[in-house]
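Engineer: Put the two chains together into one complex, using the hints given.
Going down the list, the protein sequences come from chains B and L. For the record, in the first sequence the residue sitting at position 64 is 77 according to this note's numbering, with numbers rising by one throughout. For the record, in the second sequence the residue sitting at position 16 is 45 according to this note's numbering, with numbers rising by one throughout.
These are computed hints drawn from the structure, not numbers from a lab. Hints are not guaranteed to be accurate.
Covered stretches of chain L (chain B as the covering partner; in silico rule of three or more C-beta atoms under 8 Å from a C-beta of chain B) [claimed, not checked]: (1) 71 to 83; (2) 132 to 143.
Listed below are the simulated SDA-like cross-link pairs for lysine to any residue, each with C-alpha atoms no more than 20 Å apart in a straight line [claimed, not checked]: (3) B:50 - L:65; (4) B:55 - L:133; (5) B:50 - L:130; (6) B:55 - L:131; (7) B:55 - L:55; (8) B:35 - L:73; (9) B:55 - L:69; (10) B:55 - L:37; (11) B:55 - L:65; (12) B:50 - L:131; (13) B:55 - L:139; (14) B:55 - L:39; (15) B:50 - L:136; (16) L:86 - B:15; (17) B:70 - L:130; (18) L:107 - L:141; (19) B:55 - L:51; (20) B:55 - L:50; (21) L:86 - B:107; (22) B:55 - L:34; (23) L:86 - B:14; (24) L:40 - B:56; (25) L:86 - B:109; (26) B:81 - B:65; (27) B:71 - L:130.
Chain B is faced by these chain L residues, among others (derived, beta-carbon under 10 Å) [as the list claims (entries may be wrong)]: (28) 32; (29) 33; (30) 62; (31) 64; (32) 66; (33) 87; (34) 88; (35) 120; (36) 122.
A virtual CB, placed ideally from N, CA and C, is assigned to each residue, including glycine.
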Amino acid sequence: GENVEQHPSTLSVQEGDSAVIKCTYSDSASNYFPWYKQELGKRPQLIIDIRSNVGEKKDQRIAVTLNKTAKHFSLHITETQPEDSAVYFCAASFNDMRFGAGTRLTVKP
Amino acid sequence: GAGVSQSPRYKVAKRGQDVALRCDPISGHVSLFWYQQALGQGPEFLTYFQNEAQLDKSGLPSDRFFAERPEGSVSTLKIQRTQQEDSAVYLCASSSDWGQETQYFGPGTRLLVL
Numbered sequence: 014g015e016n017v018e019q020h021p022s023t024l025s026v027q028e029g030d031s032a033v034i035k036c037t038y039s040d041s042a043s044n045y046f047p048w049y050k051q052e053l054g055k056r057p058q059l060i061i062d063i064r065s066n067v068g069e070k071k072d073q074r075i076a077v078t079l080n081k082t083a084k085h086f087s088l089h090i091t092e093t094q095p096e097d098s099a100v101y102f103c104a105a106s107f108n109d110m111r112f113g114a115g116t117r118l119t120v121k122p
Numbered sequence: 030g031a032g033v034s035q036s037p038r039y040k041v042a043k044r045g046q047d048v049a050l051r052c053d054p055i056s057g058h059v060s061l062f063w064y065q066q067a068l069g070q071g072p073e074f075l076t077y078f079q080n081e082a083q084l085d086k087s088g089l090p091s092d093r094f095f096a097e098r099p100e101g102s103v104s105t106l107k108i109q110r111t112q113q114e115d116s117a118v119y120l121c122a123s124s125s126d127w128g129q130e131t132q133y134f135g136p137g138t139r140l141l142v143l
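Here chain L stands alone, though its shape is the one from the complex (with noise of 0.2 Å):
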């Protein structure tokens, strides 16, 4: 079946600018989960979700940063007003559970904020 996928896969914002990254998880995963990953380091937790809940943002940098899942499925990140230090590769995962079970992992969206 379909695997997690995200879009844009790139995207270059200018610093000051909204940005709005998208997740599909896949089909019937209850949890989602929002990662970002500075070149060269591993993925850091953002925030997570179990269908349209937010239970986790502790890991959101700022409160420019903003996650929702209103129907339990797709999920938006947004990034308010983006900063240099946002570039960074944003990775969404699902998984059929929390904690314990596998997190399937989508391609990523790199941004680049210039």
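Chain B extracted, bound-state conformation (with noise of 0.2 Å):
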């Protein structure tokens, strides 16, 4: 089955830097690429999602990259904000949906 590794698991960034988010995936075949983010007690919501057609997708500060013969894709967060700080899920889907262990980011003020 599919196997989603996410890196890093914490990472720390002073407001209106960038952040990077990377995961793998094992299955060749998943074909949709979502992100969550989930603040604390709260449920996962959606950031962004990425198909396999396309190499790279952007909403406003967010963007991210599929890079499928390498099966790894990315989150990019520029200018960032205290608000920012969550916990974010990597996911990779063709029948059903695996997560990553999530990346708790902290946007120092």
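Structural biologist: This is how it looks when you write it as structure tokens:
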């Protein structure tokens, strides 16, 4: 089955800096790659997703890149703000979805 | 419209008790997923339904776990003879299709087994 690895497990940046989170997956059949943000005690919320027919997608300060050959994808957050502090999960899906272990992002004011 | 809802939000059970966790998906969503999220971890897949059919239950950790969705809408996850290692947040998600569509999560049920 699918196995998703996510790095780093924790990330601390200064407000205004960029943050990058990387994930790798094992199943070459996976073709949908969402990213979720989860605040403490809250449900995961989708922030951006990408499908295998594109290599990059951007939404304001958030972008995701996908390298299908290397089976890895990354989340990029620019101009980070304190409210970006949360746990971020990547996931990979073909028939069902498998999640990474999460990255705890802290943005220091 | 209303999102995914789950009940109860919190459940404390004594070891050995049976529990039932309910999920109400977004109206019209054909796919429903259950995940188990341990503290500090990502959601772990348990099982998924397309309408009333349970298409994959490979993630259920033991035969004490059972899920159903008899009418293709509300789903119940039942855990029999609960053990301490069952303590976790149980998340339900629904989507309009399977695999390649956005999953919308409920708030979760936090289960604590004493």
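Engineer: A separate judgement is required for each hint: does it hold in the structure or not?
Structural biologist: Structure-based check of each hint:
Note: the region 71 to 83 of chain L has 5 residues with beta-carbon separation from chain B under 8 Å; the three-residue rule is met and the coverage holds. Figure legend: the region 132 to 143 of chain L, annotated as covered by chain B; annotation consistent (6 residues with Cβ-Cβ distances under 8 Å, at least 3 required). Proposed proximity of residue 50 of chain B and residue 65 of chain L is supported: the alpha carbons are some 17 Å apart, at most 20 Å. Our distance criterion of 20 Å between C-alpha atoms is met by residue 55 of chain B and residue 133 of chain L, whose separation comes to about 13 Å.
With a C-alpha separation of about 17 Å, the suggested pairing of residue 50 of chain B with residue 130 of chain L holds against the 20 Å cut-off. In summary, the hint linking residue 55 of chain B to residue 131 of chain L is supported, as the alpha carbons are separated by about 18 Å, within the 20 Å threshold. Proposed proximity of residue 55 of chain B and residue 55 of chain L is supported: the alpha carbons are some 18 Å apart, at most 20 Å. Between residue 35 of chain B and residue 73 of chain L the alpha-carbon distance is near 19 Å, which keeps this suggested pair within the 20 Å criterion.
Restraint check for residue 55 of chain B and residue 69 of chain L: satisfied, since their Cα atoms lie roughly 13 Å apart, inside the 20 Å limit. With a C-alpha separation of about 15 Å, the suggested pair residue 55 of chain B and residue 37 of chain L falls inside the 20 Å cut-off, and the hint holds. For the hint linking residue 55 of chain B to residue 65 of chain L, the alpha-carbon distance of about 14 Å falls within 20 Å, and the restraint holds. With a CA separation close to 14 Å, the supplied pair residue 50 of chain B and residue 131 of chain L stays within the 20 Å bound.
In summary, the hint linking residue 55 of chain B to residue 139 of chain L is supported, as the alpha carbons are separated by about 11 Å, within the 20 Å threshold. Distance restraint check for residue 55 of chain B and residue 39 of chain L: the Cα-Cα separation of roughly 13 Å lies within the 20 Å cut-off, and the hinted pair is therefore satisfied. Taken as a hint, the residue 50 of chain B and residue 136 of chain L pair is honoured in the structure, with Cα atoms around 13 Å apart against an allowance of 20 Å. For the proposed pair residue 86 of chain L and residue 15 of chain B, the alpha carbon gap of about 15 Å is at most 20 Å, so the pair holds.
For the hint pairing residue 70 of chain B with residue 130 of chain L, the CA-to-CA distance comes to about 16 Å; that is within 20 Å, so the pair holds. For the hint pairing residue 107 of chain L with residue 141 of chain L, the CA-to-CA distance comes to about 14 Å; that is within 20 Å, so the pair holds. At most 20 Å may separate the alpha-carbon atoms for a hinted pair to count; residue 55 of chain B and residue 51 of chain L meet this at roughly 18 Å. For the suggested pair residue 55 of chain B and residue 50 of chain L, the alpha carbons sit about 18 Å apart, so the restraint of at most 20 Å is met.
This hinted pair checks out: residue 86 of chain L and residue 107 of chain B have alpha carbons roughly 16 Å apart, not beyond 20 Å. For the hint pairing residue 55 of chain B with residue 34 of chain L, the CA-to-CA distance comes to about 13 Å; that is within 20 Å, so the pair holds. Between residue 86 of chain L and residue 14 of chain B the alpha-carbon distance is near 13 Å, which keeps this suggested pair within the 20 Å criterion. With a C-alpha separation of about 17 Å, the suggested pair residue 40 of chain L and residue 56 of chain B falls inside the 20 Å cut-off, and the hint holds.
The hinted pair formed by residue 86 of chain L and residue 109 of chain B meets the criterion: a straight-line CA distance of about 11 Å does not exceed 20 Å. Between residue 81 of chain B and residue 65 of chain B, the direct Cα distance comes to roughly 7 Å. Compliance with the 20 Å bound is thereby established for this hinted pair. For the suggested pair residue 71 of chain B and residue 130 of chain L, the alpha carbons sit about 18 Å apart, so the restraint of at most 20 Å is met. For residue 32 of chain L, the shortest C-beta to C-beta distance to chain B is roughly 9 Å, which falls under 10 Å, so the interface hint holds.
The criterion of a C-beta within 10 Å of any C-beta in chain B is met by residue 33 of chain L, whose closest approach is roughly 8 Å, and the hint holds. The beta carbon of residue 62 of chain L is positioned within 10 Å of a beta carbon in chain B (closest approach about 7 Å), and the interface hint is therefore held. Taken as an interface hint, residue 64 of chain L checks out: its beta carbon lies about 8 Å from the nearest beta carbon of chain B, inside 10 Å. Of the supplied interface hints, the one on residue 66 of chain L holds, with its beta-carbon coming within about 9 Å of a beta-carbon of chain B, less than 10 Å.
About 7 Å separates the beta-carbon of residue 87 of chain L from the nearest beta-carbon of chain B, less than 10 Å, and the hint is met. This hint holds: residue 88 of chain L has a C-beta 8 Å from the nearest C-beta of chain B, less than the 10 Å allowed. Taking 10 Å as the C-beta cut-off, the interface hint given for residue 120 of chain L holds, the closest approach to chain B being about 7 Å. Interface hint at residue 122 of chain L: satisfied, since its Cβ lies 8 Å from the closest Cβ of chain B, which is below the 10 Å cut-off.
Violation of the numbered hints given earlier is absent; every hint is satisfied by the structure.
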